[in-house]
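A.B. asks: As a plain string of letters, each chain reads:
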Amino acid sequence: MKSILLNKGIAARWRGPLSVIAFFGLWHLAVVTGLSGFAELPTPVQTLKTFVVEYAGDSVYWDSWVVSFQRVLIGFAIAQILGIPLGLVFGTSARFRNLFFPVFELLRPIPPLAWVPISILFWPTNESSIIFITFVGAFFVIVINVYDGVRNIKNEHMWLAQSLGASRMSIFKRIMLPSVIPSIAVGMTLGIAITWNVVIAAEMIASDSGLGRMTWEGYVSSTPEVVLIGMISIGLAGYLSSITVEWIERRMMPWVEHR
Amino acid sequence: MPAPPVPVEQMDTTRLGYLSVRNVEKVYDPGGVNVHALEKCSLEIPAGDFIAVVGPSGCGKSTLLNILAGFDTLTRGEVFLDNELLAATDKSPTPGSDRVVVFQNGALFPWKTVLQNVVYGLVVQNRMSESEANERGMDLLARTGNLDRIAQAFPNQLSSGMQRRVEILRALINNPRILLLDEPFRAMDTVSKTTMHQHLLDIYDQYHKTVFFITHDLEEAIFLADTVVVMTTRPGTIKLRLEVDLPRPRNRDTITSQHFLELKQQAVTAVHEEAKKAFERGERELA
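Heads up: the sequence lines are chains A and B, in that order.
Each residue of the first sequence is one higher than the one before, counting from 1 in the working numbering.
Each residue of the second sequence is one higher than the one before, counting from 1001 in the working numbering.
Hints listed in this document are in silico derivations from the structure and should not be mistaken for laboratory results.
Don't take each hint at face value.
To be verified - Beta-carbon label-pair distances, calculated as ranges:
no., chain 1, residue 1, chain 2, residue 2, range
1, B, GLY1058, A, MET252, 37 to 43 Å
2, A, SER167, B, GLY1031, 31 to 37 Å
3, A, ARG15, B, THR1094, 57 to 63 Å
Cβ atoms here follow ideal geometry from the backbone N, Cα and C, with glycine treated the same way.
Kindly produce the complete structure, drawing on both the sequences and the hints.
C.D. replies: See below:
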């Protein structure tokens, strides 16, 4: 019995790395056997070689990381700073909600990339328009989640706070805000993923820098190694952002048991 | 092992908590359809008595509790607590720390520790400094089954029974005149329920607060209460009032005693007769 449990633990620890290795193995196999579609692609080893020789020491490559991360962070942060209060107001003021929620709902279904042309026209620099589009990507998700969080505050909690003599301000600070934190966390998790989606596409369309641009240039210059290096970099960047957000969420909610 | 008595300066020694419900009616009006949730509901509860309200779901017992707690309005009638007007038609409902509710599904604040939950009322009312409040909270936790060992735990780390005990203490620490318990043990298994009954009775014997306890379990009601009130549905009204003269302190021997069984038999017969009458009247209540 004990050894089965032990094996299970070891298996769980190895499954992740194993699947990553298998992924690269299959990729290698597909290229080597000339599987249709893979003919023009480099093997993982070739890609790694290109990376080590041409990119690992290249400041332009690392600048792409910095630029993309900056865009994501700024867009994401502004989305939080504006989105959380707006969601709170939507949730607490019926008058405000009746006035502005219809407009919000009209804008919400517009995909962030559909904002590209108008934001290039509107914003003075390319940089600001890309950040704006990134912001749009996270903003709506955060507002909706916070609003939902306010609506789902337990009546019992509000009643109890009133019974126990809490003032309106204290109810807002000590009951409403903490109740909404889990919803803010959900908004952050979804928001950071969308932000990376959006920033890459926006860079391909409207920028001359960043990981998205680098990937696109690899395609235009017919160097599939660059495309693949770009894609893997984006994957890693997104993953890093996700675990950072998760780390922040844990600190925001010490009372929630995490896996 | 009986806990040491509460210091005089901490708890009111004069008996407070005389509740008088006079001809209370509650009509909900969703979209013009009048729903009589309560009709001609009258009830006198002497200070320090334990009253259990029994009835099927939808009989208006929670509505009555919400009116007492100040969460809901009433359509007609009055409620007095120690001869002060608590609720009336022309009075907007006011919740207060003298009537704290323990809810059916539990309502501890999940983001606060056990201790923070217990002292919440004392802190928001600015009755004392936070450190004084914490001290008093720890004292109460320690005096109630050594709960001080879980003071720093978060509610979701506790069993539902533990959570309910903490909730009762959160109400109790405010020195309320009446404790309002809305089916607090409903979702529990039989064993936990029995344990919780004992804990509640211990607290009752120790502090002698007026208790307004809602349940749909007749046996639970008889075991705990001095008076059992049976309500029926639509319009919610009080059909029966049974005095339970079982001696206190009560324990598991009480349940097996001849007198308990007699009382239970009596109550079941009475409820059954009411159900039969209702059935013959063609009403969908009790049965």
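A.B. asks: Work down the list of hints and note, for each, if the structure agrees.
C.D. replies: The hints, checked one at a time:
1. GLY1058/B <-> MET252/A: 37 to 43 Å: Given range 37 to 43 Å: holds, Cβ gap about 40 Å.
2. SER167/A <-> GLY1031/B: 31 to 37 Å: Given about 35 Å between the Cβ atoms, the range holds.
3. ARG15/A <-> THR1094/B: 57 to 63 Å: holds, 59 Å
Every hint, counting from the list given before, is met by this structure.
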